[in-house]
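Put the two chains together into one complex; each comes in its own frame, and the hints tell you how they fit.
As given, the protein sequences belong to chains U and C, one line each in that order. Going by full-length UniProt numbering, the first sequence opens with residue 1, and the numbers climb by one from there. Going by full-length UniProt numbering, the second sequence opens with residue 1, and the numbers climb by one from there.
Source of the hints: derived by calculation from the structure; they are not laboratory data. These numbers were taken from a predicted model, which means no experiment stands behind them. Positions of the beta carbon are idealized from the N, C-alpha and C atoms, including for glycine. Some hints could be false.
In silico negatives: residues of chain U with every beta carbon more than 10 angstroms from chain C [unchecked claim]: (1) 83; (2) 143; (3) 174; (4) 185; (5) 191; (6) 199; (7) 205; (8) 207; (9) 220; (10) 225; (11) 244; (12) 245; (13) 278; (14) 291.
List of simulated lysine-lysine pairs, DSS-like, C-alpha gap at most 30 angstroms [as the list claims (entries may be wrong)]: (15) C/33 <-> C/110; (16) C/17 <-> C/28; (17) C/92 <-> C/122; (18) U/90 <-> C/92; (19) C/273 <-> U/90; (20) C/89 <-> C/122; (21) C/278 <-> C/239; (22) U/85 <-> C/291; (23) C/291 <-> C/229; (24) C/229 <-> C/110; (25) C/17 <-> C/89; (26) U/90 <-> C/291.
Label pairs and their in silico Cβ distance ranges [unchecked claim]: (27) C/300 <-> U/277: 39 to 47 angstroms; (28) U/144 <-> C/111: 46 to 54 angstroms; (29) U/273 <-> C/244: 48 to 56 angstroms; (30) U/221 <-> C/286: 19 to 27 angstroms.
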Amino acid sequence: MFPSAIAMKPALKFQSRRGSDGETSDSDHCEDIYDVSPMLGCTDALTSEAAAPKWSVPDQMVVDSPAPLAPADPTYLDEWFLMMKSNEVKFHPVQSLNNQPQITPEMRGLLVRWLTQVCQTVRPRLLPETLFLAVNIVDRFLAVTPLGLDCLQLLGATALFIAAKMEEVHPLCAEEVVAMCDEGQYTRGQLRMLERRVLSTLGFHLTVPTSILFLEHLAAHGQYDQLTSCLARHLLVTSLQDYVICQHAPSSLALAALNLASSLVNNMRMNTCPAVERCILDLQVVLMTMMDSLPLPDLLVACYQQYCQ
Amino acid sequence: METDPDPGTEQYEKVAKIGTGAYGTVYKARDLKNGGEFVALKRVRVQTGEEGMPMSTIREIALLRQLESFEHPNVVRLLDICHGTVAEKETKLTLVFEHVDQDLHTYLEKCPAPGLGPDRIKDIMHQLLSGVEFLHMHRVVHRDLKPQNILVTSNGQVKLADFGLARHYSFQMALTSVVVTLWYRSPEVLLQASYATPVDIWSVGCIFAELHTRKAIFQGNSDIDQLNKIFDVIGTPCKEEWPEEVSLPWSSFQPRLAIPLESLLPEVEPLAKDMLDKMLCFNPHRRITAKEALQHAYFVGEEAVQERLQEAASSRSLTENTFETSPEK
Numbered sequence: 001m002f003p004s005a006i007a008m009k010p011a012l013k014f015q016s017r018r019g020s021d022g023e024t025s026d027s028d029h030c031e032d033i034y035d036v037s038p039m040l041g042c043t044d045a046l047t048s049e050a051a052a053p054k055w056s057v058p059d060q061m062v063v064d065s066p067a068p069l070a071p072a073d074p075t076y077l078d079e080w081f082l083m084m085k086s087n088e089v090k091f092h093p094v095q096s097l098n099n100q101p102q103i104t105p106e107m108r109g110l111l112v113r114w115l116t117q118v119c120q121t122v123r124p125r126l127l128p129e130t131l132f133l134a135v136n137i138v139d140r141f142l143a144v145t146p147l148g149l150d151c152l153q154l155l156g157a158t159a160l161f162i163a164a165k166m167e168e169v170h171p172l173c174a175e176e177v178v179a180m181c182d183e184g185q186y187t188r189g190q191l192r193m194l195e196r197r198v199l200s201t202l203g204f205h206l207t208v209p210t211s212i213l214f215l216e217h218l219a220a221h222g223q224y225d226q227l228t229s230c231l232a233r234h235l236l237v238t239s240l241q242d243y244v245i246c247q248h249a250p251s252s253l254a255l256a257a258l259n260l261a262s263s264l265v266n267n268m269r270m271n272t273c274p275a276v277e278r279c280i281l282d283l284q285v286v287l288m289t290m291m292d293s294l295p296l297p298d299l300l301v302a303c304y305q306q307y308c309q
Numbered sequence: 001m002e003t004d005p006d007p008g009t010e011q012y013e014k015v016a017k018i019g020t021g022a023y024g025t026v027y028k029a030r031d032l033k034n035g036g037e038f039v040a041l042k043r044v045r046v047q048t049g050e051e052g053m054p055m056s057t058i059r060e061i062a063l064l065r066q067l068e069s070f071e072h073p074n075v076v077r078l079l080d081i082c083h084g085t086v087a088e089k090e091t092k093l094t095l096v097f098e099h100v101d102q103d104l105h106t107y108l109e110k111c112p113a114p115g116l117g118p119d120r121i122k123d124i125m126h127q128l129l130s131g132v133e134f135l136h137m138h139r140v141v142h143r144d145l146k147p148q149n150i151l152v153t154s155n156g157q158v159k160l161a162d163f164g165l166a167r168h169y170s171f172q173m174a175l176t177s178v179v180v181t182l183w184y185r186s187p188e189v190l191l192q193a194s195y196a197t198p199v200d201i202w203s204v205g206c207i208f209a210e211l212h213t214r215k216a217i218f219q220g221n222s223d224i225d226q227l228n229k230i231f232d233v234i235g236t237p238c239k240e241e242w243p244e245e246v247s248l249p250w251s252s253f254q255p256r257l258a259i260p261l262e263s264l265l266p267e268v269e270p271l272a273k274d275m276l277d278k279m280l281c282f283n284p285h286r287r288i289t290a291k292e293a294l295q296h297a298y299f300v301g302e303e304a305v306q307e308r309l310q311e312a313a314s315s316r317s318l319t320e321n322t323f324e325t326s327p328e329k
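Extracted from the complex, chain C is given alone in its bound form (with noise of 0.2 angstroms):
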């Protein structure tokens, strides 16, 4: 392909373009000093002036570097900052993440009737929650969950992206024509209440409705659209839990009377139905939180094959280094 124009990327080469967008152009790529291993380059262009580097900017990628320094197993490794040419007043920065080919949206398509059984739904959840924890306990809060930007893993490891400077961008993104989807929106942030992690404990529970369905429980194409269809299935909240200081009314709504959860989702099971409807809670005060979640008896089960898991490995390496002349601590 086109060889690339930037110094300081050409140990990648470009092999096809992802995708484009108002935050720049997102390139498939080889790295070639990892044995041609496939790799995603986010290009960044960054203006910088008499002040240099750009607070903003510092503070971001020195957010994703944190991020990235826990090498969380459900969030997409970022790999390497390239330090482009600087121009007269721009200097561009590649991110180069690691290449995951589907994302959970596609994943769901590919996915052949029935759907997902519960111990794959399960599994999936628990990553989804993982990934999650791990950017709360960082106090970061993602905004955009959606099944475009979970991605799967060939085997079936799912990992969150497009956080940080992509959400950014994605601000820009709503100024221009690209359709953003409301259908994981939390109501808060419908109602431009508040955005804290919260929101992302809704996208969360939106997208475990899907995972039994296979499409979006709430298809809204506008605000009070999305509102209206998250009503019709939660119930309209009592006047009491109706944010302040919010343009919308809460008389503005139609009262309505919450509908079973299982009346939509038929296959859900009881444990999994309790915690989806702690998610899709209208207050976000009284939402799960994911760490709340990952207790969730939902979860119990497989936490305990997890920890025999892990004793049965302990237990296996113990013997093993019981051999290795330990160096002294």
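With the rest of the complex left out, here is chain U (with noise of 0.2 angstroms):
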């Protein structure tokens, strides 16, 4: 449940995990995974829906960067997305984990609940944004540096280090980070080495179409409610967790998780393309074991204070 629930030596720990869990473990194994705790903050998602959508480049960027960066001019809403949109395929990493010598699917969904606990237990808690683009950064560095198993812990920290650089209005400082892995792990040192070398690695490629990017757009331009939009939201947040879901395109995902949660909601279906048909058709899994563990109506009240307050 808590960071260190997980945040033992990486290796011992997932290979305990496997060993007791066994092949067939979805059921309970989700059960935990999909669970509704507290959740990231939804910052303002939707209380300031009119002042400005959520960008993955947020206003915080004007006041606090000295990068030249305007406030979003609405003559380009549209095209800004649309391009985003053409971009999204050049870093979403696809079957990142097929050179990885030690790192399974079910490990790097370990790291991400991690990463998404961190994210709701650090204070002041860290926007999605911050967690997807850590998710995203992961992904890609493992595409293309085969990595130690006692080493991903830190590559997570790393991520999110760099993450909440690009995204927050106060970024965690090294020492924060360093603490949240399992102690004694880690230095700052190494911390800083490795956020070095991921900058390299990634060529400082940051700003990333993420599928929650995809669904603040989708969100604040569409006509969806905000228990739509909320249950639409802790699906995608709990969905990163799953390696296969992860292969959809971000803007796919997106448009399949309003659908789904609209549909739900609503009761109300939109007709989609086949990418997105096969989106809901694995985002359908989830939100079945959700279910399972909290009725429809208290799963959506719990979204809802989750992402609406």
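Here it is as structure tokens:
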């Protein structure tokens, strides 16, 4: 449940999990993976929707960084979105674990779950964008660099360190990040070293269209009610841990999450393309697992509380 | 030339120093891995302490990278970023840009009398506005557009340079003795009122006028002098248009009437004049946007030609593709 629960020596912890759970651990394994524990701050996605939609490049950049960013110009909202969409394939790693000798989809899932929990427990809570960017950084790095299992948690921590610098008003400090990991496992020097390595490997390509970015755009400009978008957010956050689901294009996933949520909340389904339909099928499995542990009305209330308050 | 002391940039052989400033040094170099093609190396020193790479640097380089990923034809290519040595508290980064020999300033200087023809001006303007529109779409304001940082390639392609990181460092330049030109600054920048996308359109307007006359339209030597030069032409705005909370009150400027732009630019076409009027509008909210300018009647003729060319090209590729087996979607 808490970071410490998985933040043991990764190798041992991961192995013991696999040993005891066996092959068909899906149901009990998922029960806690897909639970509705206190989630990431929903920030102001819905309270201030009139002011500005949430972008992967948040507004605080204007204030906070010397980068010459202008306030979102409504003239260019659609063009901007289409350009991000045309770019998504470049920054969406597919089968990122194919060349990893030690790291399996299950281990990646545990790492992502740990990151998700860290994002909730850190104060102030981190933005969903930070989590999604961190996971994207992890996947893209793993796609090109074979990594030892003993470094997996450090990679997650480094990715979060970098993602917070991109997205948050107050980035995480190195000491905080090292303290999140297993006690005494890594040093700040190692964190900075891996940061340099990750930045070089990814060539500083850090403005990436993640599924949450597409979701926020669609939610801000489409005809979705708050309950629908909250459930969709929860679906996306939860399925970040699922390696198979992460193979789908981020924009299709976002649309699928909204569609599925809308079908549950309003009994309304829209016609979509086959790519989105495939996402919906996968997300349905996640949703079923959620509803196994929590009946729909309670689930909706929990999502609403997490993402709208 | 000298051997590069920076590890990570061995691929590039410096041939000449292009410029130095508070921001660092710019070199012209050869890219040894790409047939000796010329590139421009911009060296940036970054303070890296306990917290690793600073947030501002990460964001700015990520922004440059993001823009680069779209490979816009009117923006200078960022080819590579070399992560150099890490000293105690400093990391050297080298940004590798494509090298373009000539900027718009030299291009205009070298242009023989009687200057650029109306078609060439229109072509430059279209490219310039396309580049600016692209930056604005990505919420990037250049803030320092001027002929010196607009590049013109040997085949006439216009490319914007020096946005992002470079601009950040140009702030430091303003603090040093380097003279920063005010000639392309918009009234709201001179009044320190706001810095949104319209500031670039003002600069584009100034450049538009300069393409006709080959000399800058407003040549002020201080902020106030620059504003006076502007009001001499566009007239003093009415009191309601004056921005709130600026240090210079409206009353400190003598009321003047606008003079027709034709008197300054005798050869300007009526449609060009109309667009220029809309660019040199005092109120940034009423100033034409890059998107609107590109749809202005001034360009419509050209766009029709472009469309016809595109249609011709696509119909040609269609006939070619008919003979290829296309993968099933």
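Structure-based check of all given hints:
no. : hint                                : result
1   : 83                                  : 6 angstroms, violated
2   : 143                                 : 17 angstroms, holds
3   : 174                                 : 5 angstroms, violated
4   : 185                                 : 18 angstroms, holds
5   : 191                                 : 7 angstroms, violated
6   : 199                                 : 6 angstroms, violated
7   : 205                                 : 5 angstroms, violated
8   : 207                                 : 4 angstroms, violated
9   : 220                                 : 16 angstroms, holds
10  : 225                                 : 28 angstroms, holds
11  : 244                                 : 23 angstroms, holds
12  : 245                                 : 23 angstroms, holds
13  : 278                                 : 15 angstroms, holds
14  : 291                                 : 35 angstroms, holds
15  : C/33 <-> C/110                      : 33 angstroms, violated
16  : C/17 <-> C/28                       : 6 angstroms, holds
17  : C/92 <-> C/122                      : 41 angstroms, violated
18  : U/90 <-> C/92                       : 27 angstroms, holds
19  : C/273 <-> U/90                      : 43 angstroms, violated
20  : C/89 <-> C/122                      : 49 angstroms, violated
21  : C/278 <-> C/239                     : 19 angstroms, holds
22  : U/85 <-> C/291                      : 20 angstroms, holds
23  : C/291 <-> C/229                     : 28 angstroms, holds
24  : C/229 <-> C/110                     : 26 angstroms, holds
25  : C/17 <-> C/89                       : 26 angstroms, holds
26  : U/90 <-> C/291                      : 27 angstroms, holds
27  : C/300 <-> U/277: 39 to 47 angstroms : 42 angstroms, holds
28  : U/144 <-> C/111: 46 to 54 angstroms : 48 angstroms, holds
29  : U/273 <-> C/244: 48 to 56 angstroms : 49 angstroms, holds
30  : U/221 <-> C/286: 19 to 27 angstroms : 26 angstroms, holds
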